[in-house]
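**Q** Listed here are the chains, written in short residue letters.
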Amino acid sequence: MKLWMYLFICVFSVLSGVSQSARAIETDSAASGASGFFGAAYLSNPNLSLILDTRVYSSNLNNLELEAKGIPGYTTEGLEMKKGFNLDSAELFFFSPVDPFFNLYAAMPLSLAGVELEEAYVVSTALPEGLQLKLGRFKSNITRLDAQHPHAWDFTDMALPYRAFLGSEGLGGENGAQVTYLPSLPVYILLGAEILQGENPLILGGDTWAGPQAFTGFIKASLDTSDLSALYFGPLVLVGQTKTHEVIPGAALTGRSTLSGLEAVWKWKPCAGMGLTWQSEYLVLHQEGKLADDAGMVGDVLRNQDGFYLQSVCQWYQFRVGARYDRLALAYDQLKINEEQQDLGDIPWRVSANCEYVPDEFTNIRLQYTYDASARNGQINREIILQFIFAIGAHPVHIF
Amino acid sequence: MKKIFFMVFGLLLTVTTAHAAIHVVATLPWIGSIVRELGGDKVQVTVLVKPSQDPHIIDAKPSFILAARKADVFMYNGLDLEIGYLPLIVESSRNAKLQPGKPGNFDCSRFVTVVEKNSTVDRSLGDVHPLGNPHYQYSPTNVQRVAEGIADRLAQLDGTHTEFFQLRLKAFSENMKQLP
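If you read the protein sequences in the order shown, they are chains F and B.
According to our numbering, the residues represented by the first sequence are 1 to 400, in order.
According to our numbering, the residues represented by the second sequence are 401 to 580, in order.
Calculated from the structure, these hints are not laboratory results.
It cannot be assumed that every hint is accurate.
[What the hints assert, rightly or not] Here are some of the chain F residues that sit facing chain B, going by a computed Cβ distance under 8 Å:
1. Glu118
2. Pro128
3. Leu131
4. Leu182
5. Tyr232
6. Lys269
7. Phe400
Owing to the predicted nature of the structure, the values given are computational and were not obtained by experimental measurement.
The beta-carbon is built from N, C-alpha and C at its ideal position, and this holds for glycine as well.
Using the sequences and the accompanying hints, generate a full structural model.
**A** Take a look at the structure:
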C-alpha cells in the first residue's frame, strides 16, 4: 500500500513538474506552504488570538452608587465597573476558512462569570453577484460600535445612546441570519438585512414569542474624499417585539420597538503614523406597549427618545488623543404612561477625553476621563479609567 | 418608448463589451506597473496603496472592497505584508473569483526566493515579518519571475491574448536585462 502511494506521488510530482516547466516557476515560498493569506503557515488549524482587557477604575461615587447608576427613563442597568482593578475579559477568537464556501469566526469572552459564546458564525465567500450570507450567532452590523468588539472601540465604554437604548454592550451577540448585497456601482453602497432571534434584554427581550422577533435593515455608503481620506455613512433600522424589565423599575414593558438612526465616520490618514477620525451616530427609539407590575396592569406606554454622540481621535505616531460628547434627549424626550408625560429630570449627557499610548499593534494603554451627568438627578460621576489591552495570536482584521 | 429603452440597453451593452479587459486589482504600485506593462490595453488596473503610503498599515477602505468586488483577479505581494487589510478586502468583496485557490487570487510571493526567514519568530522580537522578508521586489531576478507568473495568469484568464501577453513579457524581460 505504501509502495503504491509512493509511486503515485512520484508520478504526480513528475507530471506536475512537466506541466510547470512551460510556465512561470513557483518557488520554495509556495512549496513551504507559507501561504500567509490568513496569517498562518498552514490552514489546517484555525487562527487563534486572545485579547486581554484589564482596567483600573476610579470614581467619586462608591461601588453601590455605581451599580445603581441607571439612566432614568431609559435603562435601569448600572455600571459594571468597580473601583480599583477590573478584569473586563480575556476574549478568545477563532477564525478559519471552513471550506471554499465559508469562513468561520467565533468570539468567546472569558470572565470570572464564565465563558460566553458571544459570536460563532459563518460568512459565505462563494455566492454570486455580490451577495453574502452570515449565519449563526453574531453582532449585528446595523450600528458601528455594536459591530465592533470592545477592544476596537476608541473609548473604554459604549456611547450613551447605545447604553440607553441597547445596553452597555450594545445589541450584543444575537442568533440569526444576515444577507448583504454589494452592487457593482461606481460608489460603495452596501445593502443589508438581518433576521434576529431577539434576545437583547433592553430593547427586545427573551423568547417570549414563537420565532425570530427582530428584523434589521441598513445601508452603508462610502466615498473617498481624497486619496488619503474616506467618508463612511448610512441609515439603519431595527424593529422588534419587546419584553423588558429594564426600562421602568419594578415593571415589565411589553410592546413593539423601532430603533432607527444614522452613522457617519470620516477618516484621514495623511501618512503612516498620523491620522484623524471623526465619528458620530444618532439613534431614535419609538416604542409602544403595555406596562405591568406585579400587581397587574399599570397602563399604556409610549416612548419617543433619541440620542447621539460625536467623537474625534487624533493619532500622532504612537500616541492618540480623543474627545467625545454624548447626549440623550436631543429632539425627542417623550416617555408617556397613560398619555401622561413623565418628568424624569435633567437631560442626560457626558463628556470624555482620553489619551493612548500604542507602541505597536498588540498593546494599547489608555487613560480616560469622563464627566458623566446621565443620572438626571444632579449626581455627577467623575471617572478616571486606566485601560490596558494586550493581544496575542492571529486576530481578524478590523473593519474600516 | 420601447425604442428608447432598447437603444439605451444596446448602448450599455456596447459600453460593457468595449471594456472587456481583465479587471486587475493590485495592492501595491510595483505590482500594478508590471501588470500595465504586460497587459497593455487588455487589462484595466486599479492600485489600492498609493506610493506615498506605508503598505504595512493601511485601512481596508470601502473603496478597496468595491474595487475588489469588480475585479477578475486580485494581485498582492504576499508573505503577510498586507495581512492587516487583505483578508478583509477579499472576504468583503463578495467576489467568488478572488477567494484563495481561485485563478483570481494571485500571490506574487509564490514566484520568489524568500530570504531572511528566521527559524524562530515570536512577537518578543517586535512586529516582524514571520514568513521572511516581503520586500523582495528590490531584486530584478524576483521581479522577472513575478512578471512571468503574471503573464501566465493573464493568459489563463484571457486565453485569446496569450500571444500578446507573451510578446509583452519578452519586451519586458529585454528591458530588465538592460538594467545595470
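**Q** Hint by hint, note whether the structure agrees.
**A** Against the structure, the hints:
1. Contact between Glu118(F) and chain B, as hinted, is not supported at the beta carbon level, the nearest pair being about 20 Å apart and thus beyond 8 Å.
2. Residue-level restraint check for Pro128(F) holds (minimum Cβ-Cβ distance to chain B is 7 Å; threshold 8 Å).
3. For Leu131(F), the interface hint holds, since its Cβ comes within 8 Å of a Cβ in chain B; the closest pair sits about 6 Å apart.
4. Below 8 Å, beta-carbon pairs count as interface contacts, and Leu182(F) has one with chain B at about 5 Å; its hint therefore holds.
5. Proximity of Tyr232(F) to chain B holds as hinted, the smallest CB-CB distance being about 6 Å (cut-off 8 Å).
6. A distance limit of 8 Å between C-beta atoms decides the matter here; for Lys269(F) the minimum to chain B is near 7 Å, and the interface restraint holds.
7. For Phe400(F), the suggested interface contact is upheld, since its CB lies about 5 Å from the closest CB of chain B, less than 8 Å.
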